[in-house]
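Novice: Given these sequences and hints, build the entire structure.
Listed in order, the protein sequences are those of chains A and B. Residues in the first sequence are numbered from 0 upward in steps of one, following numbering that gives the first Met the number 0. Residues in the second sequence are numbered from 0 upward in steps of one, following numbering that gives the first Met the number 0.
Honestly, the hints are just simulated from the structure, not real lab data. Check the hints yourself; a few may be wrong.
Unchecked claim - Sample of chain A residues with no beta-carbon within 10 Å of chain B, all distances over it, derived: (1) W83; (2) N115; (3) F152; (4) L168; (5) R269; (6) G362.
Stated by the list, open to error - Between beta-carbon pairs, the in silico distance windows are: (7) A/R204 to B/Q384: 46 to 52 Å; (8) A/G206 to B/S547: 45 to 51 Å; (9) B/A364 to A/P195: 55 to 61 Å; (10) A/G206 to B/M248: 27 to 33 Å; (11) A/P195 to B/A141: 48 to 54 Å; (12) B/E239 to A/G206: 42 to 48 Å; (13) B/D66 to A/R204: 56 to 62 Å; (14) B/A364 to A/G206: 26 to 32 Å; (15) B/A510 to A/L168: 50 to 56 Å; (16) A/G165 to B/T437: 55 to 61 Å; (17) B/M476 to A/R204: 46 to 52 Å; (18) B/Q433 to A/D214: 56 to 62 Å.
Quick caveat: nothing in here was measured; it's all calculated off a predicted structure. Just so it is clear, CB atoms sit at the ideal spot from N, CA and C, and this is done for glycine as well.
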Amino acid sequence: MCDSLALYIHWPFCLSKCPYCDFNSHVRDTIPEARFAAALRAELAWEAARLGHRHLRSVFFGGGTPSLMHPETVADLIADARRWFRADDATEITLEANPTSVEAGRLAAFRDAGVNRISLGVQSLQPDALASLGRTHSAEGAIAALRLARDLFPRVSFDLIYARPGQTLAQWRSELRQGLDLAADHLSLYQLTIEPGTAFETRHRRGDLVLPDADEAAALYEATAEEASRFGLLAYEVSNYARPAAESRHNLAYWRYADYAGIGPGAHGRLTLDDGAIHATRRHRAPEAWAARVEAVGHGTTEEYTVSPIERAREMLMMGLRLREGIDETRFAARTGMVLDEAIDASVLRDAIAEGYLQRDGGLLRATDAGRLRLDALLGALVL
Amino acid sequence: MTDTPLARIRNFSIIAHIDHGKSTLADRLIQATGGLSAREMTNQVLDSMELERERGITIKAQTVRLDYRARDGELYELNLMDTPGHVDFAYEVSRSLAACEGSLLVVDASQGVEAQTLANVYQAIDANHEIVPVLNKIDLPAADVPRVKQQIEDVIGLDASDAIEISAKTGLNIEGVLEALVTRLPPPVGDAQKPLTALLVDSWYDPYLGVVILVRVRDGRLRRGQKIRMMSTGAVHGVEQVGVFRPKMVAADDLGPGEMGYITAAIKTVADCKIGDTITDDRHPAAQALPGFKPSVPVVWCGLYPTDADDFEKLRESLAKLRLNDASFHYEPETSAALGFGFRCGFLGLLHLEIVQERLTREFALDLIATAPSVVYRVYRTNGQTEELHNPADMPDGSVIDHIEEPWIRATIMVPDDYLGAVLTLCSERRGQQQDLTYVGNRAMAVYKLPLNEVVFDFYDRLKSVSRGYASFDYAMDAYAPGELVRISILVNGDPVDALSFIAHRSAAEARGRAICAKLKDLIPRQLFKIAIQAAIGGRVIARETISALSKDVTAKCYGGDITRKRKLLEKQKEGKKRMRQFGKVEIPQTAFLAALKMDA
Ligand SMILES: Nc1nc2c(ncn2[C@@H]2O[C@H](COP(=O)(O)OP(=O)(O)O)[C@@H](O)[C@H]2O)c(=O)[nH]1
Ligand SMILES: C[S@@+](CC[C@H](N)C(=O)[O-])C[C@H]1O[C@@H](n2cnc3c(N)ncnc32)[C@H](O)[C@@H]1O
Ligand code: SF4
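Specialist: The structure is reproduced here in structure tokens:
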């Protein structure tokens, strides 16, 4: 049915919790490395058994802070993945790393384990911003880690968070230019989002943390694309910038609504199984509960359901319109079981095309820059 | 307890401007005569509805019977009839006053006479009341007894030399008030031997007792088991319970001449009890009914629509339940092109409207859209027909209209000198015609005729704001007069939204159209597409505004596999949209409908 596969492996531990972060990350006095390594390998084996010998296009170690893993653990998991699936030279194997010295020291070992792409959580190049984001690394440390990564890995990306409280357009442009100077061929540039349940949310609700308004955010966003393109990096997704062919293969699998397996606490998957249906999978979020479940039954799934055609259509539109390339209508029909016109509101489509938010030609539906800037509102109206 | 001779009964009400201490005094009177123990006294016993308490106003008439042993050694029955304190309920004031022989006129000795004092006292004079001036709050350092006495004499024309000086708060001289009631008010007249005549003063729905009727007996007796007849309708009911309020309900065998109390008689709805009707004995009916009241007529109308169209039935049921208790409020089904199915509702005034809306929201958990309030216009067609119009959407085409009349009020405004200018400017902006302007010390009293439609939206708020809260205001309905009135339609992306259309005087139409477009621009959040808002008279656009499209709305980080959560958010967003009112592509928040029409300076 579907041969290719993207594999996500979640490492749920961090050295400290960042105040803006709502990822499934946990701080522990000592990380039970052996237990989690074994559980991840067990769950991978369990998932592989029902997936078959598929073509492995990408592996992504995400977190949490996967750069806290022992390189042997990473090596074992990569070896397992190669055993269960068909990997090749093009298989992209990314590891998210935090730019602290501890983790930087392990970069070479990660390369030896088989990692061929590093995504570094730099977040900012301003010392005061790093402090207010609750980061434990320095700007120099981040730059050093970045240089080292570029020496060691063929592909390196890093993340910056902007539209921070009090950040002006001019400040961001200059910080971004500095970042672009350091960049290889890929960057993730995220506007700061206030996530429910985070420390930032509490401060934001109290009015202690004031974000740019929609107009300012739009200006920051447009400036970002402009600066990036001057360095040859194109916004191929809402917050992701790359030179052509340097896009993150793994993340493209999400956005193109291809099959992906999610291993580890809180990981999600979308998998086409032998019944021809797309299965949504979700693992236990709490690390220890997940591990206990894997130890007991071989996997830590808490929920698995088949995604209905209209749900698939919504998901594919939601993800696909984030991409500059848009959605291929033929693939849409094959993947969702619905023709595009059954899934969207014809009059909104007409208006959105007239307004310059959407384009539809050559069997493609794509959001323009203007459309992508308002994608959440657009989807709310467009999607049936 | 019920065969008190007429000579030892006194029926009275208390009239006062808001906050001058009416409720505090009533509480003191109840306390002093042992109606409630100190433990039972919650503040302001008579205002019993939750909303009445919160807003500090009385809506329904209430009574309490006090037993007082006077200095002459006799035990007197004092019946206190509480009256509503807001202009919207002026009609209810008059009927409460009609059930009494005298009034206590309570004036705050630190404030002096206010507009409401005047309006109510004139009603009491019209009702032939004996009026006893009471100067309250003399404990306050700012109290100026001689000045306020002088004011009462100058402005109202009452002899204030024997005014009773009290502090309701500290309880000072409450005895003096009780003695004055006994010695200065006349006892009621009536004859126990004559056939029963009793005035139906008010009625309400009690969840346990059903409909409760508040009565004042004139002649004859009203007793349990009696067959009574409503003289206006001829309907006959068997009396189930008779009793008095002390202030708790206490059953009695009967009520005699001059007495006040309640009855229940297995009556289903309040609408069957015409306020002002005369109740008589079915077997020995009186020949003639007591002078009644004119029925209350709604002066302000608006449309009420459920935000969620599925709630229409719930709204209908809730309105029916409310009406059980408030016969002065009217409703009839109506449909709007923009809002779907709803009801056109009539109220005694704007406060009444707000109270009903608030009760629907609070007690019945309904999410409502209220359209702009409208007064009742009289449309004279060229073919000689006349019709009453209270929904701007129903205004016929200009070509068939000969002329339109609108209702006017007579307003009394009292205001310190310093703010007089601002108040006069406000009145003339609202097309007011000055009738009178006099001074009482450093306060001015202005009497204006004003078109009701200029007062309905926010006159009171504006008056308070231009006078920093010092102006007081009261009004009575005056007459209808022709006016150059036009309908202003509001168009959103070219489509008229009927629920936003309104009627205004031609001279103000353009300014108001502009103001509303500007207001809507603030009230309608930016959306996916830009929105054009226009105001038009007939086909002529008089104002326009554009709401630009929202500039950014996109989730920054969307990777990692949890797209279920994101899809659910999207689905929730769509669900929420379905419940919102869509006008073409535009969502108008429900609050915009009323807020748009409130005018600021
Ligand atoms: N100082 C003082 N305050 C009083 C007196 N009587 C009433 N008040 C206060 O005046 C306010 C309004 O009184 P209330 O009885 O609610 O007035 P109502 O609106 O006329 O019923 C309340 O805060 C009372 O406590 C009084 O004799 N002296
Ligand atoms: C899985 S997270 C964190 C990876 C790694 N643990 C780190 O902190 O560097 C991936 C990226 O999401 C971005 N991110 C996380 N929370 C965010 C937020 N509230 N607003 C915007 N971006 C956020 C950060 O740039 C972060 O590097
Ligand atoms: S942002 Fe990264 S390092 Fe910070 S708590 Fe989240 S996952 Fe951990």
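Novice: Please go over all the hints and tell whether each is borne out by the structure.
Specialist: Verification of the supplied hints:
1. W83: holds (19 Å)
2. N115: Given a closest Cβ separation of 19 Å, the condition holds.
3. F152: holds (20 Å)
4. L168: Holds, since 14 Å exceeds 10 Å.
5. R269: For A/R269, whose nearest Cβ neighbour in chain B is about 7 Å away, the distance does not exceed 10 Å, so it is violated.
6. G362: holds (24 Å)
7. A/R204 to B/Q384: 46 to 52 Å: Roughly 60 Å apart at Cβ, these two residues miss the hinted range, so it is violated.
8. A/G206 to B/S547: 45 to 51 Å: About 26 Å separates the Cβ atoms of A/G206 and B/S547, which means 45 to 51 Å is violated.
9. B/A364 to A/P195: 55 to 61 Å: violated (26 Å)
10. A/G206 to B/M248: 27 to 33 Å: The hint (27 to 33 Å, Cβ to Cβ) is violated, given that A/G206 and B/M248 are roughly 51 Å apart.
11. A/P195 to B/A141: 48 to 54 Å: At roughly 53 Å between Cβ atoms, B/A141 and A/P195 fall inside 48 to 54 Å, so the hint holds.
12. B/E239 to A/G206: 42 to 48 Å: violated (60 Å)
13. B/D66 to A/R204: 56 to 62 Å: Holds, at about 57 Å.
14. B/A364 to A/G206: 26 to 32 Å: For A/G206 against B/A364, whose Cβ atoms are near 30 Å apart, the range 26 to 32 Å holds.
15. B/A510 to A/L168: 50 to 56 Å: violated (39 Å)
16. A/G165 to B/T437: 55 to 61 Å: For A/G165 and B/T437 the Cβ distance comes to about 60 Å; the hint holds.
17. B/M476 to A/R204: 46 to 52 Å: At roughly 49 Å between Cβ atoms, A/R204 and B/M476 fall inside 46 to 52 Å, so the hint holds.
18. B/Q433 to A/D214: 56 to 62 Å: Since the Cβ atoms of B/Q433 and A/D214 sit about 49 Å apart, the hinted range of 56 to 62 Å is violated.
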